[in-house]
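Make the full structure from the sequences, and use the hints.
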Amino acid sequence: MPDVDYRAILPELILGATILVVLLSDLGLRPGRKWIAGVLSFLGCAVALGAELTLIGETRSSFGGTYVSDGFAVLFKSFFLVVALAVVLLSLRYFRDGRFYQGEYYFLLLSSFLGMLTISSSRDLLMLFISLELVTAPGWLMAGFRKRDPRSNEASLKFFLIGILSTAVMLYGMSLVYGVTGSLALTDVARELGTQAEPVAIAAVLFVVAGFAFKVSSVPFHFWAPDTYEGSPIPVAAFLSVASKAAGFAGLLQLMFLGFRPLAEFWSPVFAVLSVLTMTVGNLVALQQRQVVRLLAYSSIAQAGYMLLPFALVGLGEDPLAFESAVLYILIYAVMNLGAFAVVVALAREAPGALLADFAGLWRSRRAPGLAVAMAVFLLSLAGIPPLAGFWAKFRIFQAAIAAGQAWLAVVMVINSVVSLYYYVAIVREMFFVDVPGARRLRAPAGVAGVAALSAAAVVAVGFFPDLFARFPAGAIFP
Amino acid sequence: MSFDDWAITLAVFLPALGALVVALVPGDRDRLTRGLGILFTGLPLAVGVAILFGFDAGAPGAFGAAGAGNALQFSVNLPWISVIDASYFVGIDGVSLPLLELTLLLGFLCMIYTWRYLPEPGRPKAFVALLLLLQTGMAGTFVAFDLVLFFVFWELVLVPMYFLIGLWGGPNREYAAIKFFLYTLFGSVFMLLGFLAMYFRAEPHTFDMLALQGAGFDRTFQLVVFAGLFLGFAIKVPMWPFHTWLPDAHTEAPTVGSVILAGVLLKMGTYGFVRIALPILPDAARVWAPWIGVLAVIAIVYAALACLAQRDLKRLIAFSSVGHMGFVMLGIATLTDVGINAAIYGMVAHGVITGMLFFLAGSVHERYHTREIADIGGGMLQKVPFLASILAFTAIASLGLPGLAGFWGEVMALLSSYNPAQGLSLGLYRTLMVFGGIGTILTAGYFLWMLQRVNLGTVPERWQTKELADVNAVEYVSWAPLIVGILLLGVAPVLIFGITNDAVAALTGLL
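These protein sequence lines are chains A and B, in that order.
Counted from 1, the first sequence has number 294 at position 294 by my numbering; the numbering is strictly sequential.
Position in the second sequence counted from 1, then plus 1000, gives you my numbering.
Hints in this document: simulated from the structure, not taken from any laboratory.
Ideal Cβ placement from N, Cα and C applies to all residues, glycine included.
Among these hints, one or two may not hold up.
Okay, the calculated bits of chain A under chain B, using three or more residues with CB under 8 Å as the criterion [unchecked claim]:
id: 1; region: 224-237
id: 2; region: 409-419
id: 3; region: 423-436
So, in structure tokens, the structure goes:
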């Protein structure tokens, strides 16, 4: 029997139990009552979050050191559970009104979040792989949940095919790593790679990186993202762009800063190229978009480019700072992007197409002034305007880049930030400057409005007192 | 907990608090909202007056005083963001005080003006709240002594100003608003990178402006960082050829927006040169100064020529700002006591005079519903005699008539370029002086021509039958301090020089 620390995996157990309860409850609930599955999911996540928070400050290790609950894991798991709560809130009315299969949806959603919890603790290639697939596979189905809409079918199929391809590439890379190092545990992999830099090991690492590049929608592996986001139900798009992407980064952080760290001199330039390409292409294409979900999709590609930047700094003497800045960016990005999607969901009942023009007059014609202000906060924060949270996230990455002597990356990133302002402000412009005579007041579901309000409050509060947030990643650095 | 410890914080953050209060007031309480606006800019002004009386002009100021915290007055230094070593470090010396007072005064006067005038589409709550937020950003910029804090205040003005232009502006407002936003953001992000570079190069790492003065960066590093800071500051000033956002933004902005843009926002750029770029990067400053001088003089001549071609009253004033800021930059580029004193004097004088001119342009538009000089067609002295007289007075002050505020800044900037700092090319600077002098003549030319076309002559037929009101009470109240200021600064320039001189002397000691 392997050593199992049940206390460390309690949140996962609770979430797993919730998944079963949700699945079973779907059998017993009458059609009009299916939304109860959503409420059960919410409660399950809340309890799991409570259990996770009790683990703060402890370092526990199970299954022979391949499953670890340390500062990093606790931070990311708590974060994923908070995101899960938000996504469930965004989904409740949307899925109820849209006559979707609610029981299955929440089952799939929570399964994916279970994968995110395990990915945060996985210090072993096999565990990482399984977790990552557990995150992604339900996503393929959820993207296709608008069954009668061909675009949703396309979204699902595209996501599935490209996902499978990236999985295959990554798995091949991992098998090569195992072949070279003879181990799957990340610490052992690092030790072995430190003693020998065989060409095949470098190739293996690059395969794994390519696989992850699909998951985090980095250019040139990003083509699935806009189509998939656009075709999916909007809460699912929010989930994909926030949670699923963050999960990819959580895995990537552990792999790169821990397992493949000795080969940094070979792969960090690759990340520099990926990062620059991703942010530039994402921003330039976003400039052309007229559909807000697509716009946010390209924006999230560009944002992934910023998050990839710290990986290009590994091995230049500022690893802790780079690591911290990446973690900080992922967390802050999640809050502001989730908020932006919450506003899109709120609008979705009136304007399912979510065109730019559907945002017209949101503030100016008093359609939903509160939502408009919140959306403006999210968009300006995504653009990195101080004093909002997004600015500090960018600031920390600039700082890391300059500290590591890679000022040119910081220059590329600031130029990109200025470019991005243009399309973020395009939405602000519609909401605030365009008057729609005779517009009716928009009523947002309470849960959705709540997510938007809380996220906006967080973005502003962190903007003025970054210390509220900046402390977390510092505790999450690997030893 | 004495007043000295709280004075700056109150002056800076009361408007932000006001913005929060206004946001909580119901949307239909129009008068209450505007009253709150006056209250929350009036209180900081009162604090500002108290600071003025408590200020010791003989103190050495912040330059060259690394580590000497008592060189600043009313200073506060508290930890703010520990993970990045940024602190809440604010204070006042002779360079910041005049600009802080100018900011507090103009903000207050704009709120009084808003009591009566609120452009379409109304929405007083948002208008007042944004103005208040803007006020906090501007005031904070002039008192911040931590680079991160400075940057946050600096950027804080962007969003409110974007909305002010975009929502309450003229017909071309959306274009002007986004242009302003993108342009200034573009400059400031490079400035930020410059700040970060200085942070990491200094030992120990710090964002403290006073400590950085003694950091002794090597020359190559200084040149590169100066370029980054230059982009940020020069776009804000704006210096030729980065000025193209200005005519659009100033012309399209609502009246009080233009007043604040011209009166305060531009000074943030010139202040940045004096406060950060010169003392921390003195070697680079000596290399860059002649280039800055050349650009400044191009701006002076170019703006004057452009003004001659303007048909829109407000656009003319906007372009004249480019020229006046050219004189300020010329003063700074000499790197001398006289020049930098002149620059600070010029900033305040331009703030008072051009702020006033934009008020006037706004009020002319309120009456004529056009700003086209040809449409107004002359005869304002007959139709609205008080308004026209004030316009004539202010325009003449702006062209630099001795005895009024505009004179000292320009003439001393020119004088100082006759004798620039050691090591700067005498021939070049004297040539600059000549061209600057030609600029003053052209400036007089376009202002007088404008007055001729607007004020003199007979009232055109289309206005003869129209009832046009002359200056009203609200306008008198909001303008009187500026008119008095123009006279007072003109006859007693010591009011400014007395405050700035010692601080500037310490600054040039570093160069």
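Going down the list of hints, with the structure as the test:
Closer than 8 Å: that is the beta-carbon criterion, and the region 224-237 of chain A has 0 residues meeting it against chain B, so the requirement of 3 is violated. Remark: the region 409-419 of chain A is confirmed as covered by chain B, as 6 of its residues place a Cβ nearer than 8 Å to a Cβ of that chain, reaching the required three. With 5 residues bearing a CB less than 8 Å from a CB of chain B, the region 423-436 of chain A meets the requirement of three and the coverage assertion stands.
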